[in-house]
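Using the sequences plus the hints, can you model the full thing?
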Amino acid sequence: MTAPVPVGTRLLHIGLPKTGTTTLQRGAAVNRAQLLGQGVCYPGTAFNHRDPVAALMRRPLGWRDRGAVVHHRSLWDGLLAELRESRADRAFISHEFICESDDRQAERFRGELGDRLHVAVTLRGFADLLASNWQQAVKAGHTGGFEQWLQSVLKRRKGPTVGTFYRRNDQAAIIKRWTELVGPENVTVVIVDKTNPDLLTESFEDLLGLRRGTMATRPVGGYAANRGLSAPEVELVRQVNMIMHTQRYDWHRYTSLVRHGLIARIQENRRPLPGEPSPQLPAWAARVALRRAREYAEQLQASGCRVIGDPAALTAPVRTVDAVVQPTELPLDAVVEGIAGVLSAADGLGPFFDHAADGLERRQARDALLERVLDPGTTRRVLNAYRATRHLPLRALGVAAGARFIDRAVRTITRK
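Take 1 as the starting number for the sequence shown in the numbering used here and just add one per residue.
Hints are not guaranteed to be accurate.
As a list, the in silico EDC-like pairs of lysine to aspartate or glutamate whose alpha-carbon atoms are at most 16 angstroms apart [what the hints assert, rightly or not]:
1. K176 <-> E298
2. K194 <-> D310
3. K176 <-> D103
4. K155 <-> D170
5. K176 <-> D102
6. K176 <-> D310
7. K176 <-> E107
8. K139 <-> D250
Hints in this document: simulated from the structure, not taken from any laboratory.
If you want it as structure tokens, here you go:
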């Protein structure tokens, strides 16, 4: 077991992206009360701390030329106020945007969170994360194909996603920045390893002084888990992106229709067919990426920070193909689910024809019923839990249990 950070520490998890951050944040959010009961404050009510983090960084959310939003500083101030008022032994803040920080932004985090700051970095092999990073770029509106994107990123050509990619994934630069800022003794690196999937959650439980299993979560569907897309599914999204850009859709409309409509429904309601390919590196790209991965691993070893996990996982070979083949056919069920997701989102019902999207005034009757007995934040969490278990065969039992809970609550309030 890893020794916990000292009492009074604020543990700042900065990512990197695509290193299990969703799993970790879901484990903290779902079990927020259990964490607090064991002396750990996971502030706020949201799934993660994206919005307050972006507010402190003054980082725009969305496309800078079409609809980007910069959150007000008050979001961060609210998080900080909760930390100051909390009597918990430790605090946990997590979002992968933080790894994009330049020197001034990193200094801002240290200044705000104080001297008892410990930085946690989650790393994955550089070669292993390339395909998922391209896919994430496509899910954010990128229109370039995989081969084109690899050429730009690995040869460091100027392009719309290259700068962002290295701000998030230059492992050596990120480790150097934070070790110089807070000292190597205050930085812990957790290496994500496919051969040991429990290592990530258990490492953070240890760092926070939690009992093993505290941050465990129940199975969730592909939408909540942010499952990766197959090569044909990504191609469908990419083709839609080209249409969206041609028609000059803004970021808000894109996220409503594509990210939280088309993509969400495909992730949740579809399972790739046996033999359906996933994006894989061509041999040339793997050679370049593994060479860079070895350089990053050597620099990590020389950094002096604490490392949890096997450094060899950072340079492990990856599966390759001779050449990237762009899909020319799309599975019919993927297209059908995608269209259904867009239609539902266009009506303000999320991806599943069953709820109003965040920020819309129109709500369904069951939302209003819940709000008669629960506060809005709890209502949102109950509904999200319901939707996140749509794939489970025992979902009906959960619905029945929820109905009984609401019925008891209504009767209790009526008696009062």
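Checking one constraint from the list: CA of K139 to CA of D250, max 16 angstroms. Satisfied?
holds (14 angstroms)
K155 and D170: Cα distance at most 16 angstroms?
holds (14 angstroms)
Has the given pair, K176 with E107, been kept, meaning a C-alpha gap of at most 16 angstroms?
Distance of about 13 angstroms is within 16 angstroms: holds.
Is the straight-line distance between the alpha-carbon of K194 and that of D310 16 angstroms or less?
Given that 16 angstroms is the threshold and the Cα spacing comes to 11 angstroms, the pair holds.
Taken at face value, is the distance from the CA of D103 to the CA of K176 at most 16 angstroms?
holds (11 angstroms)
Below or equal to 16 angstroms on CA atoms is what counts here, so check K176 against E298.
Holds - the C-alpha atoms of E298 and K176 are around 12 angstroms apart, at most 16 angstroms.
When you check the alpha-carbon spacing of K176 and D102, does it fall within 16 angstroms?
Holds, at roughly 12 angstroms.
If you draw a straight line from the CA of K176 to the CA of D310, is it 16 angstroms or shorter?
Not OK: K176 and D310 at ~20 angstroms, beyond 16 angstroms, violated.
In summary, the one numbered hint that this structure violates is 6.
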